[in-house]
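Peer 1: Using the hints, put the two standalone chains together into the complex.
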Amino acid sequence: MISFARQLNLIDYSLSSLWRRRGKSLGVMVVFAGVIFLLASFQMTTRALTDAAADLLAYAPEITIQKMTAGRQESIPLEYQEKLSSIWGIRAITPRVWGYYFNEISGANYTILGLDPHSMPLGDQLGQAIDTGALPEAHEVVLGQGVNAEVAGGDKSIFSLFRPDLSLKAFALAGTFKAETNLLTYDTLFMNLDDARDLFAMAEDMATDLCVTVANPSEVSTIAKKIAALLPDTRVVTRQQVQKTYQAVFGWRSGFASICLLTALASFIIFAWDKASGLTPEERKEISVLKIIGWQTSDVLVLRFWEGVIVSLVSFVVGYTLAYIHVSFFEASLFRPILLGWSVLHPALRLRPSVELGETLLILCLTVVPYLAATVIPAWRAAIIPADSALN
Amino acid sequence: MFLSAWSLALSLLSLVALILTVIATRTAVKVLRWWDPASDSNRQIRLENETWLSSTLVQYGMGFQILSLLLFVLAADHFSQVISGAMCATGALTANAYGMPTLLLKILGAFFYGFWIVLHGFDIRSEQYPLLKAKYIALVCLLPLLAVDVVSQTLYLANLKPDIITSCCAVVFGEGGGDSGNLLGAVPQGTLSMLFYGIALVLVFCGSFLLRCLHPLLLWLNGLVWLLFVGVSLVAITTIFSSYIYAMPYHHCPFCILKPEYGYIGLLIYGTLLPAAFFGISGALAELIPTRIGLDAVVHRFQKTAMLLSTLLLVLFVLVVSYHFVVYRLMGGEGG
Numbered sequence: 000m001i002s003f004a005r006q007l008n009l010i011d012y013s014l015s016s017l018w019r020r021r022g023k024s025l026g027v028m029v030v031f032a033g034v035i036f037l038l039a040s041f042q043m044t045t046r047a048l049t050d051a052a053a054d055l056l057a058y059a060p061e062i063t064i065q066k067m068t069a070g071r072q073e074s075i076p077l078e079y080q081e082k083l084s085s086i087w088g089i090r091a092i093t094p095r096v097w098g099y100y101f102n103e104i105s106g107a108n109y110t111i112l113g114l115d116p117h118s119m120p121l122g123d124q125l126g127q128a129i130d131t132g133a134l135p136e137a138h139e140v141v142l143g144q145g146v147n148a149e150v151a152g153g154d155k156s157i158f159s160l161f162r163p164d165l166s167l168k169a170f171a172l173a174g175t176f177k178a179e180t181n182l183l184t185y186d187t188l189f190m191n192l193d194d195a196r197d198l199f200a201m202a203e204d205m206a207t208d209l210c211v212t213v214a215n216p217s218e219v220s221t222i223a224k225k226i227a228a229l230l231p232d233t234r235v236v237t238r239q240q241v242q243k244t245y246q247a248v249f250g251w252r253s254g255f256a257s258i259c260l261l262t263a264l265a266s267f268i269i270f271a272w273d274k275a276s277g278l279t280p281e282e283r284k285e286i287s288v289l290k291i292i293g294w295q296t297s298d299v300l301v302l303r304f305w306e307g308v309i310v311s312l313v314s315f316v317v318g319y320t321l322a323y324i325h326v327s328f329f330e331a332s333l334f335r336p337i338l339l340g341w342s343v344l345h346p347a348l349r350l351r352p353s354v355e356l357g358e359t360l361l362i363l364c365l366t367v368v369p370y371l372a373a374t375v376i377p378a379w380r381a382a383i384i385p386a387d388s389a390l391n
Numbered sequence: 000m001f002l003s004a005w006s007l008a009l010s011l012l013s014l015v016a017l018i019l020t021v022i023a024t025r026t027a028v029k030v031l032r033w034w035d036p037a038s039d040s041n042r043q044i045r046l047e048n049e050t051w052l053s054s055t056l057v058q059y060g061m062g063f064q065i066l067s068l069l070l071f072v073l074a075a076d077h078f079s080q081v082i083s084g085a086m087c088a089t090g091a092l093t094a095n096a097y098g099m100p101t102l103l104l105k106i107l108g109a110f111f112y113g114f115w116i117v118l119h120g121f122d123i124r125s126e127q128y129p130l131l132k133a134k135y136i137a138l139v140c141l142l143p144l145l146a147v148d149v150v151s152q153t154l155y156l157a158n159l160k161p162d163i164i165t166s167c168c169a170v171v172f173g174e175g176g177g178d179s180g181n182l183l184g185a186v187p188q189g190t191l192s193m194l195f196y197g198i199a200l201v202l203v204f205c206g207s208f209l210l211r212c213l214h215p216l217l218l219w220l221n222g223l224v225w226l227l228f229v230g231v232s233l234v235a236i237t238t239i240f241s242s243y244i245y246a247m248p249y250h251h252c253p254f255c256i257l258k259p260e261y262g263y264i265g266l267l268i269y270g271t272l273l274p275a276a277f278f279g280i281s282g283a284l285a286e287l288i289p290t291r292i293g294l295d296a297v298v299h300r301f302q303k304t305a306m307l308l309s310t311l312l313l314v315l316f317v318l319v320v321s322y323h324f325v326v327y328r329l330m331g332g333e334g335g
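Protein chains in written order, with numbering that gives the first Met the number 0: chain A, 0 to 391; chain B, 0 to 335.
Worth flagging that the hints you see were computed from the coordinates, not collected in a lab.
Mixed in with the good hints, there may be bad ones.
Just some of the chain B residues that point at chain A, by a computed CB distance under 8 Å [stated by the list, open to error]:
hint : residue
1    : Leu11
2    : Trp51
3    : Leu56
4    : His77
5    : Val81
All C-beta atoms, glycine included, are put in the ideal place defined by N, C-alpha and C.
Pulled out of the complex, with its shape left as it was, chain B reads as follows (with noise of 0.2 Å):
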């Protein structure tokens, strides 16, 4: 189904994102074959001039890529009303194989901009360009993530056929045992709404000890346990606080949220949730950095910071899920 205006945005979004990867991924091959700081040739120059262009390239190819990801999720909602059967962005994305990889793959991709940014904020913190060829080969990695998101859009819009029957939320994320187009099976809901808040204890507890001292353990811990804590966060807005904030106990739906009925709320409930995700993983990552090129005060200074967002956006990102649920256990209803 290209020939629609959300089919056609999304497929100009990535590929100009991917020409934008390409052409820093040139510079990253060339950067990597010939890179010598002691030379004052035109080359290293010419080299030096282009690293600037490779590091804006990237930073636009995230912004594209975080808009590419909102506007998949938005164009899934609308293609929803024309597959029929399907009544929802969930629908609409499991109408073939593709759409659910092409989701992850574009969150995934998010992420890799991000860290990629992160590590060149650091390398140009330093005259010596210490970070340099591990900058380049991770860029050059990332281009074939970028490709596989691209061929998987491409595929899932292409196989989008407005006749094929799929089943809409109330299927697939219900609770009837035995359906086969069950997503998420019978969680029960007291275990993990107690395993949600828990960890979220957990991680303000970590982030705000880090905040005082960073412990190098501590800190890969506490980026494990953010891992593991997306996942429970994903799981339980399904299962738990969705139906709360539709007030329909059988709508499980992790996307309707996003709509403009519920006030746009999940963009403030992902948009919490997935940026304190990348500072608390991120800080862990910065832990890979050796210490020996001498970019330590650098690192911890963005560790701190990482933890403070980290931190807060958590606590922002628990307040704003839980609101419905709590308002509706202590009022007992929507609260006027």
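Bound conformation, chain A alone (with noise of 0.2 Å):
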């Protein structure tokens, strides 16, 4: 019905229509494409933090089993490994000495944190995440990337840390975490299982948490409600839930946002609508003649509808380029602090947008079709200008 070739010269017409009124039309596509470049670096930036703490957590144990008392988390004695040697299914039981170190010169917090590598089935695999250096034999500690540079100096061999008891204890550089991991290990210190004992001065026969290993991924639900029934004092957590959680908090916060972008979007909506319907004389003259030389009303609104196209994908991939450019290389500083927590040692995370259709579709939705949809009565207005306005 509507031939290829009419609608290519009407692009044509829109483009050089566009052209003639380039004040205005690079007006609308420069506060459309900061609306774009805003809501697309939030939906970017949680994705790439997502998927990092996705692909962080693909090494984490499958469950985690922490004592409660009170409704707190204490520490777990080492007894209840054995409760659970009567459960089939369970690879290993590593325990885990965890806890929080404040530095008082920096005041920052600090993660201290002492396993046996050794005793995890995929332990040998954490010297994947050391950058430099090897796993930490006794009185030896692998640093985050954070903590190096604050701790060490960059180039310190051994420095020392206080006991409760203010008492020092010394400890020797045996490596660094490499800079993927830091959403992770940027302020984290890995030592032996003894040494963070001693740091915290915590008794012998305890840990801080039970990880449990499980040979066959899908029976991990199965054991976690085991192992609730069999220690109900404790609270059993899944790798899943965790990734789940931190998804949802990711999700929530970037909703939140948008939510305050949303203003801005109909801000920009309403003086996008403002600028379509204020027809100066000239452009009335244009319609009236078109529709002179035998244009039909259908015909301004196809003309319209392709100036709308138009200056929406330029606006689009112009903010969606910026906001990958603002991601990638500017490390989304503008929006960092509102999705990460607000701790004193941020993670100087690297990173990684990836351009996905489902994403593109998301914010398409979001920011395209509320412009088309706000200058389609408007641009009917203008095409229903009669033939004859331009005699009077």
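Peer 2: See the structure below:
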């Protein structure tokens, strides 16, 4: 019915008409690209953070057991391990000692993690996360990038931390974690189980929690239920739950931010509506001349549709590209504090935004659709200008 | 779960489509009450101008409806990462009673918008606008469908709780007998694939015959067979073809094929099946246009184009959907 060549001619005409009104078109495009940039940056940052968390959690233990007393977590006795020996399907149980260490000089909280890598089935793979050096032996420690810069000053090989009674405990630097794992390890000191107990002044037969590795991934929930039944005073957390919680938190925060940005979108829509409604005398004249030379109302409507599509697509490409540059090269510096938490040591994550059809379509629906809808009625008002109005 | 960019986008999209259709319906009501082709009063001229607005709005509405259908499935896939127990869109869509109905309403909505645009296309071909009243009655009927769609989607999003345990597609479409969560029971694969290819062959023959001679009875028959074929295809994609695409015998899911991991092949599959069905069915529905109003030539030309398009898209659909299946059967593997 409507030939391809005719549409091409209409696109050609709408391009030249946009060029003739380049001041007005450019104004709309700049504001529109700005709105798209904000929304797309948020979406890309959320997505990149979720991906980073999922990648890192892939090596986390399937099940974590924490002892609960009066609704608070406390140290778990190592003898609990033996109670679980009756459950088939558990590959290994690894006790962990971890906690926070407050550095009074910098005012930052470090995460201390102590565990015996050789007692875990995938323990040797921990070495993959270490950039330089090796797994810690006795009185040795592996540092996250942030702690390394702060505590060890970048090139120190020996440093000390305070025990609770303020006596000093010395550590030798065994290595540092890779920058890719910054989301989890940026503020971490990784050491031997005994060293961690010594630092926290914890009893010999205690641990902070127990990590359970399960041989068959499809049995995780069944085993988790059995553990919960055998050890009623504990909280059993599966890796999947942790992952979903991460996503829910990032998703919730990005949704909240999107609602805030909707106000920006709404004001842009009003701006676009206003720009499209206010016809200059030249534009009225142009349309009536077109009508006189034989254009139909529908042709003018199609022309306006193409103008809207061109403006949206150009703004979309510009805004989306800027968002990509913002997230990947400037590490989403505008929004990261909102999405990542408020700790003093901010992980300097290298975010890798992924361009995926679904996400692109999401931003397109949030921005281009309202714009097209807002300009359709002004376009129609312009299109029904009668042919004789140029003569008046 | 409204506090997510996906829920916001879906709600915004539906709301925009609804508002546009409401404005179009306002014109429809005015036209049904006041339209008088013999008059040259101001009101008549205004109404004539407004008919342009309403048809443009419905065309935009259809575009947004198709977008919202696609976004809904992608959003469901995204929600599955947050809802515990759900592993893909199936789990998210069955997380409450409104997921599947909303999906069906969206597909139905896109089809009805399309039929309306075809009707509008016929109408503006004649200077007397002979189908004007019928067209606007249809538009008034379209509005409740869209409203139900919006309500159902809102209920779906509102009842989506991230902590509800749902079944993932491995359970829902799995073969395990006696499973209450099983959407599709044990369908014998041999019979189903014979039925699928059989009907496809019948449709290709029908289509190529209709291209030469538009027989009214055959057109209706063709439309009915198309309806049947859409159902059979969806079952066949779920139970047979999808697992060959995933290269996993126990993964039967009609939504995961839309994911980037499988090269978006699902978009091509549904993007050929649904338009093919649309043209097949609208060719038959075009027979409803009475012959006395003098649109015969236009209707016949549309029917021929529709038959050509539906047959071509059908062939493409069968080729794409069978690709992994045939490669596996011939090479005994993924074929490198």
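Peer 1: For the hint on B/Val81, does the least C-beta distance to chain A fall short of 8 Å?
Peer 2: 5 Å, holds
Peer 1: So, B/His77 near chain A? Judge it on the closest CB pair being under 8 Å.
Peer 2: Check passed: Cβ of B/His77 comes within 7 Å of chain A, closer than 8 Å.
Peer 1: Quick check on B/Trp51 please, does its C-beta sit within 8 Å of some C-beta on chain A?
Peer 2: 5 Å, holds
Peer 1: Could you check if B/Leu11 really has its C-beta closer than 8 Å to a C-beta on chain A?
Peer 2: 6 Å, holds
Peer 1: Is the interface hint for B/Leu56 satisfied, with its Cβ closer than 8 Å to some Cβ of chain A?
Peer 2: Hint on B/Leu56: holds, closest Cβ of chain A at ~7 Å, below 8 Å.
Going down the numbered hints, you'll see the structure goes against none, and every one checks out.
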